[in-house]
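Participant: Going line by line, the protein sequences match chains A and B.
Those letters in the first sequence? Residues 401 to 802, per our numbering, in order.
Those letters in the second sequence? Residues 401 to 802, per our numbering, in order.
Hints were generated in silico from the structure; no laboratory data involved.
You can trust all of the hints, since none of them are fake.
Since the list gives no way to pick one copy over another, a pair counts as held whenever it fits inside one copy or between any two copies.
Quick list of in silico lysine-lysine cross-link-like pairs, BS3-like style, CA-CA up to 25 Å: (1) K706 to K778; (2) K435 to K462; (3) K539 to K566; (4) K404 to K561; (5) K597 to K557; (6) K404 to K557.
2 protein chains.
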Amino acid sequence: MTKKLLVSNRAREINPSPIRKFLPMAERAESRGIKIFKLNVGDPDIIPPGEFMRAVKAYRQKNLGYAPSTGILRHVEAWQKYYRRLGVRLSRSDLIPTVGCAEAIGFALQAVADVGDEVLVFEPLYANYKSFAVMLGIKLVPVALNIGTGFILNSSKDVEKKISSKTKAIVVINPDNPTGKLWSEAELYMLETLAKKYNLFIIADETYREIRFSGRPQTMLSRKAAAQNVVVVDSISKRFSLPGARIGALASRNAEVMAAVLKFAQARLSVGTLEQYAAIPLLEHGKPYVSRLVKEYKKRQAAAVKGLKKIKGAKFVASQGAFYQTVALPIDNAERFVEFMLADFSYKNQTVMATPMQDFYISKGKGQNEIRIAYVLKVKELAKAMDVLARGLEAYKAACLR
Amino acid sequence: MTKKLLVSNRAREINPSPIRKFLPMAERAESRGIKIFKLNVGDPDIIPPGEFMRAVKAYRQKNLGYAPSTGILRHVEAWQKYYRRLGVRLSRSDLIPTVGCAEAIGFALQAVADVGDEVLVFEPLYANYKSFAVMLGIKLVPVALNIGTGFILNSSKDVEKKISSKTKAIVVINPDNPTGKLWSEAELYMLETLAKKYNLFIIADETYREIRFSGRPQTMLSRKAAAQNVVVVDSISKRFSLPGARIGALASRNAEVMAAVLKFAQARLSVGTLEQYAAIPLLEHGKPYVSRLVKEYKKRQAAAVKGLKKIKGAKFVASQGAFYQTVALPIDNAERFVEFMLADFSYKNQTVMATPMQDFYISKGKGQNEIRIAYVLKVKELAKAMDVLARGLEAYKAACLR
Chain A
401 MTKKLLVSNR AREINPSPIR KFLPMAERAE SRGIKIFKLN VGDPDIIPPG
451 EFMRAVKAYR QKNLGYAPST GILRHVEAWQ KYYRRLGVRL SRSDLIPTVG
501 CAEAIGFALQ AVADVGDEVL VFEPLYANYK SFAVMLGIKL VPVALNIGTG
551 FILNSSKDVE KKISSKTKAI VVINPDNPTG KLWSEAELYM LETLAKKYNL
601 FIIADETYRE IRFSGRPQTM LSRKAAAQNV VVVDSISKRF SLPGARIGAL
651 ASRNAEVMAA VLKFAQARLS VGTLEQYAAI PLLEHGKPYV SRLVKEYKKR
701 QAAAVKGLKK IKGAKFVASQ GAFYQTVALP IDNAERFVEF MLADFSYKNQ
751 TVMATPMQDF YISKGKGQNE IRIAYVLKVK ELAKAMDVLA RGLEAYKAAC
801 LR
Chain B
401 MTKKLLVSNR AREINPSPIR KFLPMAERAE SRGIKIFKLN VGDPDIIPPG
451 EFMRAVKAYR QKNLGYAPST GILRHVEAWQ KYYRRLGVRL SRSDLIPTVG
501 CAEAIGFALQ AVADVGDEVL VFEPLYANYK SFAVMLGIKL VPVALNIGTG
551 FILNSSKDVE KKISSKTKAI VVINPDNPTG KLWSEAELYM LETLAKKYNL
601 FIIADETYRE IRFSGRPQTM LSRKAAAQNV VVVDSISKRF SLPGARIGAL
651 ASRNAEVMAA VLKFAQARLS VGTLEQYAAI PLLEHGKPYV SRLVKEYKKR
701 QAAAVKGLKK IKGAKFVASQ GAFYQTVALP IDNAERFVEF MLADFSYKNQ
751 TVMATPMQDF YISKGKGQNE IRIAYVLKVK ELAKAMDVLA RGLEAYKAAC
801 LR
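Input sequences plus hints: build the corresponding full structure.
Facilitator: Structural data, given as structure tokens:
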């Protein structure tokens with residue numbers, strides 16, 4: 401018999417979100433009247449397309465019933481149209497809407513891996529993958545990419561040597577969170593070839609697909625060579641600035657994967673009915689909005705890079721996409737630095753909230769001096785934030801010397 | 401190295417939803433012009449309170465950002481007010497909003513049980529628990545309740561003999577889906593006592609809390625003796641006829657459980673922003689709506705019972721709550737019967753869709769002759785449906801004899 405009333409080990413092992421765990425500290429700073437430039441959460445400040453709320457308000461049915469687990473037909477058709485613009489033809493059963501990309505990530509992982517199985521990831525890594533892996537009993541095996549070499553995967557051997565009999569999949573986030581890296585054609589070809597050779601799935605997280613500062617939006621679904629291996633997880637949260645809508649999707653040409661995902665989807669019944677309808681016009685005609693959005697993020701990237709260049713000792717590779725920038729600072733411990741910024745520092749009653757990157761790594765001890773910045777402020781504000789960050793860093797160094 | 405590209409074992413093991421898997425067959429029947437009385441899904445036909453869509457339309461913020469993982473403050477406060485009307489004082493951190501009750505069930509299970517751990521359930525059981533258990537690697541151990549004895553738990557020994565060193569929790573759904581059973585004070589006391597004695601959690605699924613045809617709405621949260629053991633999973637889907645809103649909650653006074661659930665909640669980021677706001681007026685002032693709703697379901701229950709009494713060989717205990725009725729029919733295989741009704745039968749171009757109950761059991765071979773009916777039609781329609789069901793049953797018996 402159980403001796404004590406205890407929560408599960410997985411409940412204990414899972415880390416709090418590195419992006420969200422400092423929120424109480426931020427609330428205390430704000431209650432002291434300090435203005436915080438919040439660069440921690442990828443929560444876009446840009447106004448979403450007006451069509452969305454107009455469509456919500458145009459909902460005329462008297463009931464708000466469950467949507468089909470396969471998604472509302474017109475909503476799925478809108479995703480099909482959206483993908484057709486990317487040159488990809490999907491059948492109705494190749495895609496299932498999800499509660500944001502987060503749910504799609506969980507579905508993808510459990511569709512391909514059992515308890516004890518391994519999934520390869522590139523670190524630094526969007527930290528929530530670690531949480532899902534703990535919940536599902538899956539082991540994430542990290543392949544290290546380094547800021548010093550621009551986070552580039554130089555050799556397929558770096559991946560190959562991590563593959564075991566338990567490896568079931570490789571995760572690739574493109575454009576990448578948290579590094580802002582765009583995966584090159586050579587790298588993607590490498591991953592595709594490995595997937596075929598070792599019979600691995602590729603879980604391609606394309607949440608930030610359109611947000612890239614060069615080249616055209618891509619999807620792994622358009623690659624023919626490993627079509628059966630690819631599972632794409634997707635979202636409208638970033639490209640239409642609608643994270644609160646909780647609309648994502650999972651897409652694959654692998655019928656077995658889709659049959660599994662449908663069963664997972666049935667267990668949780670459905671995705672929000674209103675938002676499925678409201679997302680239709682965006683998926684169908686949202687391209688002009690996205691073009692303007694990308695222009696704006698490109699300006700912000702330039703402003704952030706300009707500001708970061710002025711910070712003594714800061715090392716970074718200018719981000720090529722998404723709206724994140726990984727920065728190595730001349731500090732010992734990024735968590736302590738973030739805490740310092742919120743608790744002990746202000747300049748003209750302002751401070752900056754960034755995300756410490758320790759938790760974006762699986763390997764112990766890595767990322768101790770790195771922070772992630774999300775470009776979720778307008779250029780002018782962002783420039784100010786970079787200045788405050790620079791001043792905070794000097795104050796932190798001075799405080800450490802004391 | 402993996403020899404083939406295969407989905408996971410859990411993806412294979414999980415059952416398709418018994419409630420949703422016959423939908424393609426229903427679509428085919430409808431395309432032949434047959435009207436189907438759909439008694440399969442717990443998707444209320446009753447119109448939800450107008451305040452909900454009014455609140456959605458009153459959303460005035462320009463952005464639709466992530467909600468906090470802890471829930472929008474005013475939304476959580478509305479849940480607190482709602483529970484206060486049930487005599488329960490919850491602190492802000494005792495409750496976390498979820499994407500429907502479905503997500504709360506997953507969170508509760510993984511908060512208390514690890515891979516390989518056991519959770520006791522009473523069968524027949526709302527089938528989605530089985531899916532979540534497979535996804536999470538948890539073993540559900542069934543305690544049988546029987547239609548012949550009104551699904552009553554007569555002795556705590558029936559539960560005790562199923563408890564092992566791996567048992568972590570007991571699930572109780574009250575009012576119950578699929579039986580419509582109300583758990584008596586004696587039964588709840590039994591469960592509470594066992595939970596204390598063996599240090600088990602009680603996962604109390606109170607989705608149908610108000611929908612009971614006698615007595616007052618209850619919650620396990622009001623029981624003091626095992627306060628630390630109780631985890632309530634809840635939903636607005638049924639009491640406000642809003643399943644498409646995907647708003648639920650998990651509540652517990654156990655701080656460790658809530659800390660775990662917060663981490664799970666952070667991993668999936670947030671619950672729909674619009675619906676959290678829109679649910680506020682219902683949680684605060686929805687009682688009159690719920691009273692009317694319960695009256696309506698009570699009438700329907702009476703109509704269903706009246707109709708079922710006319711069906712030769714049908715055995716059932718009149719449901720006391722929720723809007724479900726388990727019925728044993730003089731048939732060999734309820735799945736085959738449901739298929740027959742959709743594919744081979746119609747009366748005046750009408751048929752009935754019920755849910756076969758095999759998948760509501762864990763023990764093999766049980767429930768072969770049982771169906772679940774959801775009272776999601778108006779009295780007049782329901783009466784017609786019962787008549788069509790009776791005729792369908794006769795036709796099925798005749799077809800089997802041939």
